[in-house]
Each structure stands twice: as structure tokens, then as C-alpha cells.
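Asker: Got two chains here, each in a separate frame; can you build the complex from them with the hints?
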Amino acid sequence: MRVNPNYTPTILTDLWQQQAQEQNAIQELATGRRVNVPSDDPAAAAADVQNHALQSQVDQYLNNTNGLEGMLQTADSTLSSVVTALNQAISLGVQGSNGSLSSSNLQAIAEQVQSIQSQVVQYANASYQGSYLFAGTVNQAPPFTLDSTQPSGVRYNGNTGVNNVEIAQGRSIQTNLPGSQIFQGAGGDVMGSLQQLVTALQSGNTNSIGAATTQLGTALNYVSQQRVFYGSAVSQLNANQSYLQQEQVSLQTQDTSLVGADMAAAATDLSRSQTAQNATLAALAQIIPQSLLNYLK
Amino acid sequence: MGSLSSSMWLAAQALEADQGALDATSNNIANQNTPGYSRELAIFTEAAPTIEGNITYGNGVELQQIQSVRDQVLQLRIGEENQQQSSAQTQYGALQQVQNLFSSPTQGIGADFTAFFNNISQLSTDPASLAARQGVLTAAQNLASDFHSTEHNLDSLQSGLNQTVAQNVIQINSLTQQIAQLNEKVGQLQRLGQDPGTLGDQETQLIQQLSQLTNVNQIQTENGLNLTTGNGTPLVVGGQSFALQTTAGPSGMTDISAQGQDITSSLQGGQLGGNLQIRDTVIPGLLTQIDNLASQFATSINSAQASGFDLKGNAGQPLFSDTSGPGAASNLTVAITDTSLIAASSDGTPGSNGNLANLLAVQTQALPSGANPLDTYSSLVSQTGNLTAQAQADVTASTSSLNQLNSQLGAESGVNLDEETTNLMNYQRAYQAAARVVSTVDSLTQSVLDMGSGVTAAP
Numbered sequence: 000m001r002v003n004p005n006y007t008p009t010i011l012t013d014l015w016q017q018q019a020q021e022q023n024a025i026q027e028l029a030t031g032r033r034v035n036v037p038s039d040d041p042a043a044a045a046a047d048v049q050n051h052a053l054q055s056q057v058d059q060y061l062n063n064t065n066g067l068e069g070m071l072q073t074a075d076s077t078l079s080s081v082v083t084a085l086n087q088a089i090s091l092g093v094q095g096s097n098g099s100l101s102s103s104n105l106q107a108i109a110e111q112v113q114s115i116q117s118q119v120v121q122y123a124n125a126s127y128q129g130s131y132l133f134a135g136t137v138n139q140a141p142p143f144t145l146d147s148t149q150p151s152g153v154r155y156n157g158n159t160g161v162n163n164v165e166i167a168q169g170r171s172i173q174t175n176l177p178g179s180q181i182f183q184g185a186g187g188d189v190m191g192s193l194q195q196l197v198t199a200l201q202s203g204n205t206n207s208i209g210a211a212t213t214q215l216g217t218a219l220n221y222v223s224q225q226r227v228f229y230g231s232a233v234s235q236l237n238a239n240q241s242y243l244q245q246e247q248v249s250l251q252t253q254d255t256s257l258v259g260a261d262m263a264a265a266a267t268d269l270s271r272s273q274t275a276q277n278a279t280l281a282a283l284a285q286i287i288p289q290s291l292l293n294y295l296k
Numbered sequence: 000m001g002s003l004s005s006s007m008w009l010a011a012q013a014l015e016a017d018q019g020a021l022d023a024t025s026n027n028i029a030n031q032n033t034p035g036y037s038r039e040l041a042i043f044t045e046a047a048p049t050i051e052g053n054i055t056y057g058n059g060v061e062l063q064q065i066q067s068v069r070d071q072v073l074q075l076r077i078g079e080e081n082q083q084q085s086s087a088q089t090q091y092g093a094l095q096q097v098q099n100l101f102s103s104p105t106q107g108i109g110a111d112f113t114a115f116f117n118n119i120s121q122l123s124t125d126p127a128s129l130a131a132r133q134g135v136l137t138a139a140q141n142l143a144s145d146f147h148s149t150e151h152n153l154d155s156l157q158s159g160l161n162q163t164v165a166q167n168v169i170q171i172n173s174l175t176q177q178i179a180q181l182n183e184k185v186g187q188l189q190r191l192g193q194d195p196g197t198l199g200d201q202e203t204q205l206i207q208q209l210s211q212l213t214n215v216n217q218i219q220t221e222n223g224l225n226l227t228t229g230n231g232t233p234l235v236v237g238g239q240s241f242a243l244q245t246t247a248g249p250s251g252m253t254d255i256s257a258q259g260q261d262i263t264s265s266l267q268g269g270q271l272g273g274n275l276q277i278r279d280t281v282i283p284g285l286l287t288q289i290d291n292l293a294s295q296f297a298t299s300i301n302s303a304q305a306s307g308f309d310l311k312g313n314a315g316q317p318l319f320s321d322t323s324g325p326g327a328a329s330n331l332t333v334a335i336t337d338t339s340l341i342a343a344s345s346d347g348t349p350g351s352n353g354n355l356a357n358l359l360a361v362q363t364q365a366l367p368s369g370a371n372p373l374d375t376y377s378s379l380v381s382q383t384g385n386l387t388a389q390a391q392a393d394v395t396a397s398t399s400s401l402n403q404l405n406s407q408l409g410a411e412s413g414v415n416l417d418e419e420t421t422n423l424m425n426y427q428r429a430y431q432a433a434a435r436v437v438s439t440v441d442s443l444t445q446s447v448l449d450m451g452s453g454v455t456a457a458p
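Sequence lines, in order, name chains Z and P.
Every letter in the first sequence is one number past the one before it in numbering that gives the first Met the number 0, and letter 47, counting from 1, is 46.
Every letter in the second sequence is one number past the one before it in numbering that gives the first Met the number 0, and letter 441, counting from 1, is 440.
It should be emphasised that the hints constitute simulated quantities derived from the structure, not laboratory data.
Listed below are several chain P residues computed to face chain Z (Cβ distance under 8 Å; list not exhaustive): (1) THR124; (2) ALA127; (3) THR348; (4) PRO349; (5) ASN352; (6) VAL380; (7) ALA388; (8) THR421.
Keeping only pairs whose Cα atoms sit at most 25 Å apart, straight-line, the calculated SDA-like set for lysine to any residue is: (9) LYS311/P x TYR127/Z; (10) LYS311/P x SER126/Z; (11) LYS311/P x ASN158/Z; (12) LYS311/P x ARG154/Z; (13) LYS311/P x ASN156/Z; (14) LYS311/P x GLY160/Z; (15) LYS184/P x ASN216/P; (16) LYS311/P x GLN128/Z; (17) LYS184/P x VAL72/P; (18) LYS311/P x GLN173/Z; (19) LYS311/P x ALA140/Z; (20) LYS311/P x SER179/Z; (21) LYS311/P x SER130/Z; (22) LYS311/P x THR159/Z; (23) LYS311/P x VAL161/Z.
Yeah, the Cβ is synthetic: ideal placement off N, Cα and C, and Gly gets one too.
Next up, chain P with everything else stripped away, as it sits in the complex (with noise of 0.2 Å):
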């Protein structure tokens, strides 16, 4: 039945819940620009009513609960393309310093090559010439620094590398541990069918950034979620994180493990990703083609030296020092000092430059790595663009797709200020109605009181 008390309490709990819903509103529009924060809806509902004989009466309206807008599809999609373009990214950066090692068509090892042909030539016009000797010998020594320097700087580059994957691995452990805490707690709120709000958004953004790191595979379970690098090993268990290990490698280099067991190799995707894929891959492949290249090409110069005779007449003796295997490049030198003992001479006399021919021949011959030394460095130079323009695409398309899920995910959970003005006003009016209810309420229970006193007070 109704009564001036029912309504009453009726608008007091309207009041109750526009005050809630206008909590909410003022929530969304203060974290308009937090980052990762999902808009939150006042969900009324109507209260369950009354029903008295024929008549049901309407108990007024429930303020449910407040929601968050989230599209949980959209998240682990975002997650996917932030690794994919997060390793993009590292990969660029680290590949431009490496193309730019082999920019220079006029300088570096592809012209030092020439150069150096170019002495031998010059000094075939005049085999006894000491300065077309001495031309020679200080081709050959630009050539060693050239491979010395390049086979440096990729070393200097790739230890860079290793301390940004060691710094990585610090980052995802940080990050792990304080998913697993807000984990723990959002488990909880939704078994007891609760919606994680902020949380939720706190474990979102973090789960984001870890994507940016690593490769993470996540699980929803009933215990909350489960996460996992892209090979399963575990780094978050309900409320509990698993710590990823730095250990010291054979080769100097940081590898990682967890549990005991030695997983960089399995590692993908994101920052550490991206470095060791870099780190691992690319550099080491580089750097052997440059140690085959100075051994190889080191090799063939010798021999074509042995087969002639020096200044003086004497066989000729090894132009560059023995050197092969990892570091080939940065121990090439230049074995002899004495300009006499460039050998020229076919047959022993002075004049003679026949041997100059086989010298020569090295610049057209196939190495035993299959093309000539010329060839094989602007391979090292098609090879390097190929990576670098590979990975600047990668990271061009990643960014344009991660865009777009990005404002397909603001579409869903973005604040809309105009949006949440009109909700303000909707909501501020349904207060001030409400409020209207509890004061009309009030001056008809005046009105109820006033009908007794009348009666009294009448003269």
C-alpha cells in the first residue's frame, strides 16, 4: 500500500542512487586522459516492488552497480600488436646504427677494397716504384682498420644490446610482481561477482606494458589470470609471480632463465625481444660473414704473394697475418712493414710485374664463400638495408594497426566529455526531482500534521 513514507523513502533512495551515478560521471570525466582507464556506467535498476492484491507497486530504483567498459577481445589484441610493435622498434633502432656501418659507398671496407687494387694496379706501371709500394701497404693497413673498426662497432653494439636485455628482464620482473598483487585482488572481487573497476584498469595497463617487453600468453582461469611468456614458462599464477633469472653465457652475454632452465631462445616478441633477436641473430650472422670475408680474402692475398717474388728476389712472404674463425676480422694486420717485400716480380727481377696479375686476379676470383670480396661486402650492404627496411615497415604497419584497435578500444571505453556532460545533467536534474519528491512529500506530511491542529485551534 502506498504511504507518504514510502514515498518518502522511494526518493531518498533515488536521491541515493543519482548521487552514486553522479559519483561515477565525475569519476569518468576526472580520469578523462588517465591512461588505460575504462569509462564507468551507472547501472539503475528498478527495485524489486510490492504487490498488494491487485495492485503491484514500483519499489523506486537500485543503483546495481557501477560497471567498467571493457572489451577483453580488444585488450589481448593490443597486447599481440604492443610486442609485435615494440620489437619492431628495438629492432629498427639497433639496425640503423648497424646499415649505418655500411652506408658509404666511397668509404669503409667495399672502398678499401678498390683502393687497394687500384695501389696494386698503379704499381704494376712501375714494380720497382717504392712509392707505389709503400701505396700499397698503406692500402692494406685502411683496409685491416676498416675491418677492425666495423667488427668493432658491431661488438660495442651488441654488448649495448646485452645490457638492455638484462635491464628488460629487471623491468618484466617489476612488472610481474605487481600484476600477481593486483591479480590476487581482482580474483577476489570477481568471485564474489563484483567488477574490478580501477584495478581491473591498473592490471590492464600493466599487462600492456609488459606486452611492450616480451611476448605473454594469458590464461583466464576461475583463480584469476594466468600468465605466461609465448612458450609457456610461467610469470604470473594467480596472486603469484615467477622471477625470470640473468646468468653470465659462455659468449659474455647475459642469458635468461626460469627455474633453472635456460629459455632466451625461446624468448620473442617485445623490447627483449626485438634486442635478442638483434643481440642473437643478426649481429653474430653479420660478423661471421666479416670474419669469412677478412680470413678468406686474407688467404687469397697470401697465396698470390707466394707465388711471386719480392723486391729483392726472394719467394714472397705472407702480405697479412694468418687469421680465421670468430674475430677473424679485428686480428687482420698487415704482416710486413718492408715495402721490398710486396711481391711484383714473377721471376725474380726486379722490374718484372707479372706477379702483380695474380695479385690483382683476387679482386674478380670467387672466394671459397662463393662470390668475389667486392660482392660479398655489398651483400653485407643489400643484406643490412634489407633488415633495416624490413623492420621499418614492420614498425610503420604495427604502429598504424595498433592505432586502430587503440581507437576502436577508445571508442568502447573512452571518455566522451560530452557524453558525460549530458549524463551530469540527466543526472543532476533526476537529484533535483527527486529532491523535489522529498520536499513535496514533506509539505504534504506538514499538511497530514496540520489537519489535527486545525481542528484544535479553531476558534
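Only chain Z is shown next, with the shape it has when bound in the complex (with noise of 0.2 Å):
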């Protein structure tokens, strides 16, 4: 049977094909990934393609949360103040209904709760990187402003509004109270109240002034009912941070077992494919000088 004498162009291939595995594994090794263009695993990157859409989205999700938390930390805390401002309103006022006082003296605490009531409704103003926080969603201009021909002495230039934004896939979390429900709701008018002990200071009417600081606590309570939102959105966004976190490690776990490289066993296959190339080229180099002519003299 004759044989290819020429067997050159099939040992050439085979060589090249040694040398492409080679440069792949060690392609894998340098970037240890497993899929580097589309068509090592279409599937693959396809799906790494949704997996790095999905991490970038959990790190903005996190961007939204870190963010949010601040603002609803700040708005927390002068509500806080704000019920300290009214505990000492209201202390004032029991002082003043005790009847004991003179009216001099009474128009004295009536000038105290007067300022208290300005430094109510400076934290009622208060802002978070230039919005607004109880403003509803008008929160671009100061929401309380002063108006002595308003029944509560303030006037609301505020809305209803409140806005929801997304901190997880599919679950949003509510970002304000307005202003209107906090200082001005149903269930307890701070800015009316205030209003209401200041003229009954100035009247020195005990029973009106006794009436109004008793309003007065029920604004108290209810204030401190509203702060409870903010207090249990910020928890749940702690809850969240560490929810996405997990989240982002799963993402990247799955990531590394959609494209990464096996590094073990690319290693072996570079190794594997060296011994290869050599072996060839070791077999070549015997074989080539053969012929029939060498034994001729």
C-alpha cells in the first residue's frame, strides 16, 4: 500500500492546532475567564451579558440606599429635635397655666414659645442637598413660611406628594412625609397648637392656655407617631444594604461559574498541549531526514 509521502501539510496542522489550544489556555490563564469573545460559549455570554446588568444594577440599587439613608437619617433626627422643641413649649405652658404668673411674666413665656414656635418652623424647613425634605414634592422653595393672617400663624406651600423609589428589584420603598401631615395633620396640629398657646399666653387666659398646652401634647404625640416612618425606613434600608450585598456576591459567584476559567484545568491543558507541540516537532525532526538516499553511497 503506498503511504502520503508528503506528509508535511497534515503534521503542520496538527502542529497549528497544538499552538491554537496553547494560546487558549494561556489566554484563560491571563484573563481567567473562561468565555472571552461570544463564540467560546454564546450561551455563556449571553448570560454574562444579563449577570453584569444585574451587578451594576444591585451597585445602583446600593447608590439609592447609602443616598436615601442619609436623607431620611437627617429628616429623623429634626423631627427629633422638633419633638424636644415642643416638649419645652410644653413645659412652658404648664408653667403658665398654673395661674401663679404675672402677665409681664406671661408675656415673657409667650415670647419664648414665639421663638420656639420660628424654630419649628425652621426645622419643618429643613433641607437635605437642596431639597426640601417636608415639602411633599415641591421641595424646591421653603415649604413653612410665617403668616400671622393664617389661623396656625404658618402658612404650607407645600404639596401632598410623596415619591417612591425602587431599592431592590421590585421593591420600592416610600422616601417623604409631607410637610402638611407632619406639622398640620388630623390627629394633631403642631404649627395650629403653638399658634394657639402663644395667643393664650398673651390673653393670659388659664384655661385657654391649660386647653392649648393639653392640644399641644396630642401635636407631641402625634409628631412623634410620624417619626416612626422615617425610623423603620431607615432600618429597612440597612436591611437592604446587607440583602444587595449578598445579592452582589451571588452575582459574582454565578458570574465565575458562567465565564470564568478553570484555572487547574487550564493549566493542565497548557501543559498537556506543550507536550503535544514537542513531542510533533521531536517526531518531525526524526522523521524528515529519512530516505532511502542516506544508505546509498
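Answerer: Shown next, in the form of C-alpha cells:
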């Protein structure tokens, strides 16, 4: 049987194949990725696009969570200051309602309550990064302005709008309470009660001072209840943060199993293709000089 | 009747035959590395005998012919495999460039989609923030510019292939012209019953080169070989070749015609077929999908914009320019530069983020083409990946079967130096022996001549 005397093209193809395998293994080791171009594994490459999108989405949810946490904490501590101020006003009211004070003393207390009133208005106009916290969605201007023509002594410029922000896939959180609900709610009117206390102190009527103080107490309770919204939102964000961090880890793990290189396998492939290549080259070097002509003299 | 002169003549004939065989052998050795060369065999036959009475005298040897060892069927298979391999190789080369446009999970259109929606999500935490609004616009611009560059790269790849198509046609025409010239001579030799030898080798070699360019059908007729394209358009008939023409088509792509008829879509196989496949099917298919994605995405975002209000309380304007049809991706531009025009608000107040939910919904809602933007993009990734992997597998498979066929042909037609050396020694010895016959007959003749002179010279 005749065999093909010109075997070098076949062996060259084999050598190229071995070199391609070698390069492939080196690339896997260098990049740490099994899939470097889509044709390496089309399905995994497409899934990898989705995985990276999810990873960067989770990063964004974390950004949202961290940003919102700052804002909600500011709102929470502002309301805590409001509570402190209201407690001061209540003790002033109790002082004024015991009937033993002179009218000039009452006037002095009225002035103190007035200053608390303007302090509370300042708190209600608190802002975070340029946006007013208690303005509903009209948050580019201070929501409360002192206005003696109003029965409550202040005018609310905001609205009742609330915003929701997505903090995880399919999970949103409400990020604000409108100022009108916190400070002028049906369950307790902070602004109105303060104004009434000022008016009662100025009039010197012990009964109305007492009534106004009681009303302020109700308003204080109500504000404290509203504060719970911010407190629980912050703890929800904290829980969300650790959820998202876990999600990040699991997405990264998924990514590694999707397109990551099996380093041990790649290293084995590399040494195997090198061995094969050496063997082929050695065989070629052995065979090529062999011919009958070598033996004829 | 045997005679010294006939022995002399027999030996001379043997010398001549052996010389011819030595010629064939040395031609084999000389051409051992010539591509397409088929080894030649010296065919000896006994000369017609002389019969005298009861005795039959052999009349020595004749060198009947020098025959090239070929296998037509194997050659046909190699031609077929050649056109498949070149086609796959060409497609693989082009597809590698195509898939590079879709190979990064952290860059390009897919990552831009995610970045765009992330910026909208960021804006939802502070809808009046001008910095966050600028972030959305910048992400939109990045997306538009990656749509541009992806489409631009596919376009320039396509026009590069278009130039190669024109070159392929020039190569085909030059090859068919050369083949026609050889074909005429080969046909003449064959009609005379002679082996076409080297001319046949050259013709076969040129046909293989032609097969690397396009699918060729070979029909052996009485008047020689006829070559046609895969769909039957004649390329070579006997000694005549038919050139293919190129004309600029309506879309700026080169069309190929034969005798005034457009045959572009029927050409398959070889480099030309591979180039046409990518130029006319693969790239236009991808471009259509990218154009649809760009225009449907822009439409969805614009209609979400329209359902809300901008920072100043006005109804939302389109974020992207209206774009559709071929080139939609290249024409996609961000229509607004004023960050306040992003319609975040659902009620006209500057602090409302209600409409951003509508914009974000575009991320997960199916476009009219059936999938959401990122899914549509990742399907492009897997499509280009699959096409490239398929072409790669085709190259590997056809290369290995081509190697096998070539090795089979080599076993049949290749020059084996050991064999040639052995033949060389055989013919050398035969030549030496025949020469010895000549000198022996010569000395016998001398003896015959000496017979008379010996008698007369005796003292």
C-alpha cells in the first residue's frame, strides 16, 4: 500500500492546532475567563451580559439605599429636634397655666414659645442637598412661611405628594411624608397648637393656656408617631443594604461559574498541548531526514 | 530468425526505453515538491513478436507511454471540500470581527442600557438634582454613540467585504481564462489518446484554485471539460471562458452578473460565497435588528417622557430623536441638551419622581420586537457567538477532511523518494545491462568479422 509521502502539511495543521490550544489555555490563565469572545460559549456570553447588568443594577440599588439613608436620617433627627422643642413648649405652657404668674411673666413665656414656634418652622423647612424634606414634591422652596393671617400662624407652600424609590428589584420604599401631614395633620396640629398657645399666653387666660397645652401634647404624640415612619424606613434600608451585598456576592459567584476559567484545567491543558507540540516537533525532526538516499553511497 | 543485428537493435530499443523511464523518474524527483504534480509512470510493453515457423521471437521492449497517476473522483471531492473550507474560513475571519463588537459585557450597547437606567434610578432619589439629570443625559449620549459606532463598524466591515467580492470576481475571471487555454490543449491530447501529463496537472491545480473562490461544477465531455458555477452558469466550455461582470447595485453593493443576468444570490461556496453570505445575509440581518432596537427603544423612552412633566412643569418632550428604518441606529441622537427637560415628575411639581417609574419600566417591558432592550441585545451576543462558533467548527471539520483527502491523493499521486530511488536503480541497472548486450553483440560481431581475416592472415 502506498502512503502519502508528503505528510508535512498534515503535521503542520496538527502543530497549528496544538499552538491554538496552547494560546487558548494561556489566554484563559491570563484573563481568568473561560469565555473571552462570544463564540467561546454563546449562551454563557449572553448570560454574562445579563449578569453584569444585574451586578451594576445592584450597585445602583446600593447607591440609592445609601443616599436615601442619609436623607431619611436627616429627616428623622430633625423631627427628634422638633419633639424636644415641643416638650420645651409644653413645659412652658404648664408653667403658664398654673395661674400664679403675672401678665408680664406670661408675656415673657409667650415670647419664648414664639421663638420655639419659629424654631419649629425652621425645622419644618429642613433641607437635604438642596431639597426641602417636608414639602411634599414642591421641594425646591421652603414649605412653611410665617404668616399671621393664617389661623395656625404659618402658611404651607408644599403639597401632599410622596415619592417612591426602587431599592431592589421589585421593591420600592416611600421616601417622604408631606409637611402638611406631619405638622398640620388631622391627628394633631403642631403649627396650630403652637399658635394657640402663643395667643392664649398673650391673652393671659389660664383655661385657654391649659387647653392649648393639652392640644400641643396631642400634637407632640402625633409627631412622634409620624417619626416612626422615618425610623422604620432607615431600618428597612439597613436590612436592604445587607440583602444587596449578599446579592452582589451571589451574582459574582454566578458570573465566575458562568464565564470564569477553571485554572487547574487550563494549566493542565497548557502543559498537555506543550507536551503534544514537543512530541510532534521531535517526531518531525526524526522523520524528515529519513530516505533511502541516506543509505546509498 | 534471430540475428546479431536484431539483438543489437533490441538492446538499442531497451536503452531508449530505459532512458525514457529514467527521464520520467528524474522528472518525478524534480517535481516532488511541486503543488498539484502527479507522479508519472513509465509504462513498458513487450514489442509485437516475430513468428517464424514454430519459433516466436520476442522483439524487445517499447516504452508505451508516460502516464500521470491521477484520481478524478478524489480530485472532485477535494474541489468540493476546498470550496467549503475557503467559504468557512472567509466567514470565520469576518465573523470574528463582528463578534468583537459584542464581546464585552461591561462595554457597548448592553452596558449602556444598564448605565442609562441606573442613572434614571439615581435621579429618582433626588429628582430635582441637576447633577443626576446630567448623568441621565450623558448616559443617553453614550448609548446613542455606541449605537452609532456599532452600526458604523458593521457598515465598514460590509464595504470591506464588498471590495473583496470585486477582487474575487477578477481572480475568477483570470483563472477561467487560464483554464480555458489549458483545457483546449488537454482536450486535443485526450482526443489523440495521449496522456495530458503536466498540462493536466496544471489544469487540475487551477480548478482547485477556482474551487477556493466559488462553487464549481465539472462536466467531462467529449470536447474536454466544462466548468459551471453551482447554479449552472457556464464559466469554461472547451477552449472558451466566460467572464463574470460586476455592477454597482442600488444599495452600493457590487452585484455579479453573467451574460447580463444577475447571479449574485445564487453564488455559493468558496471565498466569494463566504464573503457574499456575510455581506448580504449576516450583516444586513444584524443591522436590521440593531436599527429596530434603536428605534423601538427611542420610541418607548419618548412615550414615557410624554406621560410626565419636566422640571419646569411642562409636558415631557422626546428625549431621543425620532428614528426608524435602515440606519436608525446611526441616526439615533439625544434630542435635548437642557437637563431640566427630563420628565421626572408625574404631576408637574419639581420634586416628584413619579414619571421616572415609567421610564424605568422600559428596562423590563418587552419592546414591539418581543423582548426587553437588554434581552434583545444579549440575543445579538449569542447570535454572533453562535455564528462564529459554527464557522469555526466548519473550518476545523473541512480542514481535517481536506487534509485527509489530500493525504489520500498524495498516497496515489505523490512522489515517494524511496520509490523513485529504487526505480532509478532498476532503470540504471537495466540500462547498464542493455549497454552490456550492445558491447557483447559488438564483440560477437567483431569475432564474426575476425573469422575471415583470421583465415587470410594465417601464415
